[in-house]
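Protein sequence lines, in the order shown, are assigned to chains Y and U.
Letter 88 of the first sequence, counting from 1, is numbered 88 in the numbering used here, and no numbers are missing.
Letter 105 of the second sequence, counting from 1, is numbered 1105 in the numbering used here, and no numbers are missing.
Derived by calculation from the structure, the hints in this document are not laboratory data.
Computed from a predicted model, the values in this text were never measured in an experiment.
Some hints could be false.
[Stated by the list, open to error] So the derived list for chain U, only partly shown, Cβ under 10 Å to chain Y, looks like this: (1) V1004; (2) E1057; (3) A1092.
Note that the Cβ used here is the ideal one computed from N, Cα and C, for glycine as well.
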Amino acid sequence: SQWGEENLQALSIQEGEDVTMNCSYKTYTTVVQWYRQKSGKGPALIILIRSNEREKRSGRLRATLDTSSQSSSLSITGTLATDTAVYFCATTSSGQKLVFGQGTILKVYL
Amino acid sequence: DTTVKQNPRYKLARVGKPVNLICSQTMNHDTMYWYQKKPNQAPKLLLFYYDKILNREADTFEKFQSSRPNNSFCSLYIGSAGLEYSAMYLCASSRDVLGEDTQYFGPGTRLLVL
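For reference, chain Y alone in the conformation it holds in the complex (with noise of 0.2 Å):
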């Protein structure tokens, strides 16, 4: 089964605005990563969120974890341009494979 699920979205907004994007899945996880994919590009790792934190910040990225939902979020904070990308999360534990999520396409305009 599925252990990371995202419902694939595409989204589009302004430089400078905030937006967030959100990752549910179907079983225990340990850790959730967010990797951010480029065009042209492979995943990068941009945040990783333990099971004992719910709330993780790196620079304008902030990633929150909720167990008993079993959901996580990504936050970006005064997008800019450059934060063109598609947002993967991905879930595991320990000893077993990262799953991903569909991921959401995000597209910041001047």
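Chain Y is already provided as a structure; the job is to place chain U on it using the hints.
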């Protein structure tokens, strides 16, 4: 250097013909993975090597083969390509096997089967 390289970046193949994709990493990672990515779908793990041990996913076991002649290189081999193999193939590596370790991805090889 956290670079994972893939060759070729684009591949055109005919139905029924073999396809061989190459991946390399210089991070001395023990594990290398291959994923298949189709439009509007999540990346799907096909197989991975932990050191010299190959693990293939049950639902793609017979469709894909792989080799890892040394720590740095890993190939993905399709013996007879079908139209359904058209996809982006992503290679990744990580220091540890599975679990919580960060995976470093290459830029992908876009395969089109005609």
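Q) Looking back at the numbered hints, which does the structure fail to meet, lowest number first? A) none
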